[in-house]
Amino acid sequence: MSDAPTLAVESLRTHFFTKSGVVKAVDDVGFTVGAGKVLGIVGESGSGKTVTAFSIIGLVDPPGRIVGGRVLFKGEELVGAPEERLRHLRGSRIAMIFQDPMMTLNPVLRIDTQMIEAVRAHDSAVGKDEARGRARDALGRVGIPSPDERLRGYPHQFSGGMRQRVAIAIALLNKPDLVIADEPTTALDVTIQGQILYEAQKLCRETGAAMIWITHDLSVIAGLADEVCVMYAGRVVESGAVDQVLDAPLHPYTRGLIGSVPSRNARGRPLMQIPGMTPSLIDLPPGCAFRTRCARADAACAETPPMTEPLPGRKMRCFHPHLGASA
Amino acid sequence: MLVYLIRRLMQSVVVLCVMSLLVFLGVFAIGDPVQILINPLADQAEIDRATAALGLDQPLWRQYWLFLVNAARGDLGRSFVYNVPAIGLILERMPATLELAVTATFFGVILGVPLGMLAGLKPASPVGKSIMAASILGFSLPTFWVGLMLIMVFAVELGWLPSTGRGAATCSLLGLKFSLCTVDGLRHILLPALNLALFKLSLVIRLSRAGTREVVLQDYVKFARAKGLPQSRVVWLHVFKNITIPIVTVLGLELGSTIAFAVVTEWIFAWPGMGKLIIESINVLDRPVIVAYLLVIVFMFIVINLAVDVAYSVLDPRVRLSEQRA
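Read top to bottom, the protein sequences are chains A and B. In this note's numbering, each number is its position in the first sequence, counted from 1, plus 470. One point on numbering: in this note's numbering, the residue at position 21 of the second sequence is 3, and numbering is uninterrupted.
None of these hints come from the bench; they were simulated from the model. Treat the hints with care, since some could be wrong.
What the hints assert, rightly or not - When the alpha-carbon atoms are kept at most 30 Å apart in a straight line, the in silico DSSO-like pairs for lysine-lysine are as follows: (1) Lys204(B) x Lys645(A); (2) Lys598(A) x Lys672(A); (3) Lys672(A) x Lys785(A); (4) Lys785(A) x Lys507(A); (5) Lys507(A) x Lys672(A); (6) Lys598(A) x Lys204(B); (7) Lys544(A) x Lys672(A); (8) Lys104(B) x Lys223(B); (9) Lys104(B) x Lys489(A); (10) Lys507(A) x Lys204(B); (11) Lys507(A) x Lys489(A); (12) Lys204(B) x Lys111(B); (13) Lys223(B) x Lys598(A); (14) Lys111(B) x Lys223(B); (15) Lys223(B) x Lys645(A); (16) Lys204(B) x Lys544(A); (17) Lys544(A) x Lys645(A); (18) Lys507(A) x Lys544(A); (19) Lys785(A) x Lys544(A); (20) Lys223(B) x Lys672(A); (21) Lys258(B) x Lys104(B); (22) Lys645(A) x Lys598(A); (23) Lys489(A) x Lys204(B); (24) Lys111(B) x Lys489(A); (25) Lys645(A) x Lys507(A); (26) Lys223(B) x Lys204(B).
Excised from the complex, chain B in its bound form (with noise of 0.2 Å):
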């Protein structure tokens, strides 16, 4: 177990030291910052003042070795823009898109796997169909207009929750700011969660019911019937401990695209998380923002793998992590 944790880890360098280099080629290439940051005004001396100040005068070489030493450094490099480490930025928003995307999930698995279930043990009654109807409509549905219409509801008609931001009190911990651990800050993160959790739920609801359909047939199932076990041990032990797998799997990916790319909905309740500091930070081509983002996304994606992975081997016996050699 722990060898093969070690290996993974090692693997992830690999990935991370790979993936800088396909961002770094494709940031180089999407255009020229200084032309976007520079007065445009200013005349040849003064551009080359500010290219030689940002380092962009370098071969582009030279420009990913330096940055590949600095990264080594724990240094990815100061935003153009706001003349600030570039790392900084993105942690300083993180908690935000953090709470949001584990908060959706959340929301996706406590309605979901339940329904899901519900759906998969009962699914000629009426209520099972309905639930998968409600699970294409979430599937179908645009985020933003869902987003749009959660704002229209419940903040402007009925006025129970707050449209957008934070809200004023956060609570810190470990130095990030937290929104979670207020009652203003749940109110706060209800609407964005339940629009980015819509998605998820439609999904896992698919996946339980599924995963219950196949299970429910098998012969441990029955035996365990047949041992008199009551109704709610056979569904909550039997049948769920063996639908859990293409759940976690999903999910994990899913968590992970949501930090990533949460932006429609953060830019809707106006949530102060990483999504809008990427579409800023591209569209003004602030380099080191946009390469230490998409650094920071393919090491969270590796943590969350590796996280499923653990989980498997705890969910089901039959997996061993160290046999494989992936």
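Pulled out of the complex, with its shape left as it was, chain A reads as follows (with noise of 0.2 Å):
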């Protein structure tokens, strides 16, 4: 392996045309990840982590398109590749896994026949036995009970705990080098939830996968990643080591999200809030997309802050931050 990270996104910019105005859903992101390690990327829904995962992998639809930037894996530029190598990449050396186990699946095939066609796929050589072969053992990885039987089933038969499941085992079937994941137990109870993060883990830990975890719940992000982006607005607002940000965050609005989680420690008082909504991404004006709902905010704001670098490994987009005080 080269020594480029597996993946590195630069100044990612994707817009979406609509007739009511351009949606900057991701608007210069940047952030890198090796090989073995899990990146978090946390934010609020619309705040455009989906969308990160989707250009990623080059499948925005119109009206969406990639107007700048690039995504860079292993060396190799995705922005603009031709759509026959980016199907090649996909689903091969970059897996996704869903948010919605549920609509994953789809209803009216057979879960052999969804996880035949996605090695098949990538490698025509490999026989339909060896293929059914190969989706058995992954069945069986993920931990579902009998999979030589539950092959032969249908999705609507399944939990969405074991869609879930099968979503991973069909993500992780052609030994992926990246594997994304949209918040893939946000739709789960908590029990299962943890099942699926810790299979999700030990399986990347096993093939040395590097894996993207998006979420919008801190306490996943704070067992699971190595790094973490918080993302605001379709921009990356702060990043560092998971640690570092979640006990010291820079950013007021890291700060409010993590103030956001019930705690022990917070019992019996009212839960911290962050006022306000989420701005429309139509048209969204210069400058600081938190500054309305900002209690450090002031004129200055109106600037859109450049990322820097205050402290070592620590990047993020605020004119006021809050250096030198703790959470």
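Since each chain sits alone in its own frame, please combine them into the complex, following the hints.
Written as structure tokens, this is what we have:
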């Protein structure tokens, strides 16, 4: 493997050109993930997490379009790469797990059909029986009992947690170098969530794959990720090693996000919350998108804050960071 | 599944009985066939004799009872006009209509599904928009006019295709005549089938487009693409299998109504099918033929609907026939 990180995203911009205006869903996003590492991307709904993921694998549908930036997969530029090359990478080198397991599997096709096609799409030399064998092993690895029988089932015969395991098994079928998981546990209940997290982590560690774990749940990030990017209104507002960011957030938004998590220490007291709502991304004015909800905002915030690195390994976009204060 | 099929067939017997009563009463109400069949100069004695010969002197309930008893033995009565069994008359004409309707439906599906899916995949493109505009034309142009135009262009002006009849060379299968199996027959069926297909084509285009537009937004389609499947497999397997149910539903009904009421097209292309037979029979109040015809049609609708229900369970594993208490 070359020295290049598994994935490097540089000032990626994905905009949606709708009738009511340009939606800058992803606006100057950058991060890197190395092999065997887990990057967490946190943010509220609509902050551009999912669009970032789809931009990486080249599945942004019109009216959306990547309008700038680079996506380097092991040094190879993916923005503007031919569709056939992207198709070859998708599902084989870069796999994705979706948010809602109830919707990810095609309801009218059997599990084996959906797994075998994923193998054979990338290696037509693999026979049906061998592909089926791989599918069965993959189901076994994610903890599905009697995989032989389950292969012949249809998605509606599986529970949500089981379906997500199947989706993970499909994603890992071709031993990808990068797994992008888009809130894969949000729709599941907590015990299943724990199991899925455990499985995903174990499998990535075993195969040495890099992983991007998108979520709005900070506790998941705390237990799973090595690094974290906090996204707000299409931009990365803060990034760094997960312990540092969670212990001493620099950006007021990160601080607010952490404060919003109910914890035992805050028992009996009213939860801290971030006032207001995420702004509409349609024709978002320049400037810090968080300033309308930020207690520290002043006139300077009408300018878009640049990405700075006030501490080693800690990047953020804010004119008034919480430097020297602990959370 | 088997239990379900048996229950459905038993229900269909009830439907047939109710339908026969309705048809019988309806036909009874529209007039006295003797007045039309008999020589206008005939005297009363002759009229009475004819009425008695046709069994029309009996009270209505008795006529119906006799009809039921005979029907149970497979005899739906003799045509007043041709004096042959009505069911035979219908079965003799049925293959012509069946093959016309099936060919038309086939055209509708073969052309309509790909065009509709194309329009659904690229709704904003000029191609997608033209397909939709064409389908509006297909809906709104009257069948008879399109039929005449087809004859004008392809039979009269260009002289490529014949405009009337089934062609001489038909082959028999189980004693029934089919023209689909000869080149000449195919040449004859092409224009009327296209004429009938036009409406179905437009319908299938619209259904396929609506279905495709809905399905491509589903996560499982995106997931299929994220698996790196070729676009062709995503479209022809993942999308296609999910849009078939409404198409099959409508096609079943359409096939039935085409078989039953392809009258206009059969008339224009002088196609010797059942449509012409029923119109002629209604004109002369040939009661047994009308009743038998409508019962055959009802039975056919029952069979088609059953086939559609079975098709559902094949197409969508979530549909369980045995659980329905329909």
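Consistency of the hints with the structure:
1. For the proposed pair Lys204(B) and Lys645(A), the alpha carbon gap of about 20 Å is at most 30 Å, so the pair holds.
2. Simply put, Lys598(A) and Lys672(A) have alpha-carbon atoms about 28 Å apart, close enough for the 30 Å limit, and the pair holds.
3. Under the criterion of a C-alpha separation no larger than 30 Å, the hint pairing Lys672(A) with Lys785(A) is consistent with the structure, at around 29 Å.
4. Our distance criterion of 30 Å between C-alpha atoms is met by Lys785(A) and Lys507(A), whose separation comes to about 18 Å.
5. With a C-alpha separation of about 12 Å, the suggested pair Lys507(A) and Lys672(A) falls inside the 30 Å cut-off, and the hint holds.
6. Annotation: proposed proximity of Lys598(A) to Lys204(B) holds, straight-line Cα distance about 24 Å (limit 30 Å).
7. Straight-line distance between C-alpha atoms of Lys544(A) and Lys672(A) comes to about 23 Å, which keeps the hinted pair within the 30 Å bound.
8. For the hint pairing Lys104(B) with Lys223(B), the CA-to-CA distance comes to about 19 Å; that is within 30 Å, so the pair holds.
9. Between Lys104(B) and Lys489(A), the direct Cα distance comes to roughly 18 Å. Compliance with the 30 Å bound is thereby established for this hinted pair.
10. Note on Lys507(A) and Lys204(B): the hinted pairing holds, with a Cα-Cα distance of about 26 Å set against a maximum of 30 Å.
11. Pair hint Lys507(A) plus Lys489(A) does not hold up; C-alpha atoms about 40 Å apart against a cutoff of 30 Å.
12. Pair hint Lys204(B) plus Lys111(B) holds up; C-alpha atoms about 24 Å apart against a cutoff of 30 Å.
13. For the proposed pair Lys223(B) and Lys598(A), the alpha carbon gap of about 21 Å is at most 30 Å, so the pair holds.
14. Distance check on the hinted pair: Lys111(B) and Lys223(B) sit about 24 Å apart at the alpha-carbon level, within 30 Å; holds.
15. Proposed proximity of Lys223(B) and Lys645(A) is supported: the alpha carbons are some 29 Å apart, at most 30 Å.
16. About 24 Å separates the Cα atoms of Lys204(B) and Lys544(A), which keeps this hinted pair within 30 Å; it holds.
17. This hinted pair checks out: Lys544(A) and Lys645(A) have alpha carbons roughly 15 Å apart, not beyond 30 Å.
18. Annotation: proposed proximity of Lys507(A) to Lys544(A) holds, straight-line Cα distance about 14 Å (limit 30 Å).
19. Restraint check for Lys785(A) and Lys544(A): the C-alpha separation of about 23 Å stays at or below 30 Å, so the hint holds.
20. Taking the CA atoms of Lys223(B) and Lys672(A), the gap is near 36 Å; set against the 30 Å cutoff, the hint is violated.
21. The straight-line distance between the Cα atoms of Lys258(B) and Lys104(B) is roughly 42 Å, outside the 30 Å bound, and the hint therefore fails.
22. Our distance criterion of 30 Å between C-alpha atoms is met by Lys645(A) and Lys598(A), whose separation comes to about 18 Å.
23. For the given pair, Lys489(A) sits about 24 Å from Lys204(B) by alpha-carbon distance, which is consistent with the 30 Å threshold.
24. About 19 Å separates the Cα atoms of Lys111(B) and Lys489(A), which keeps this hinted pair within 30 Å; it holds.
25. In summary, the hint linking Lys645(A) to Lys507(A) is supported, as the alpha carbons are separated by about 15 Å, within the 30 Å threshold.
26. Distance check on the hinted pair: Lys223(B) and Lys204(B) sit about 15 Å apart at the alpha-carbon level, within 30 Å; holds.
Checked against the numbered hints above, the structure violates hints 11, 20, 21; every other hint is satisfied.
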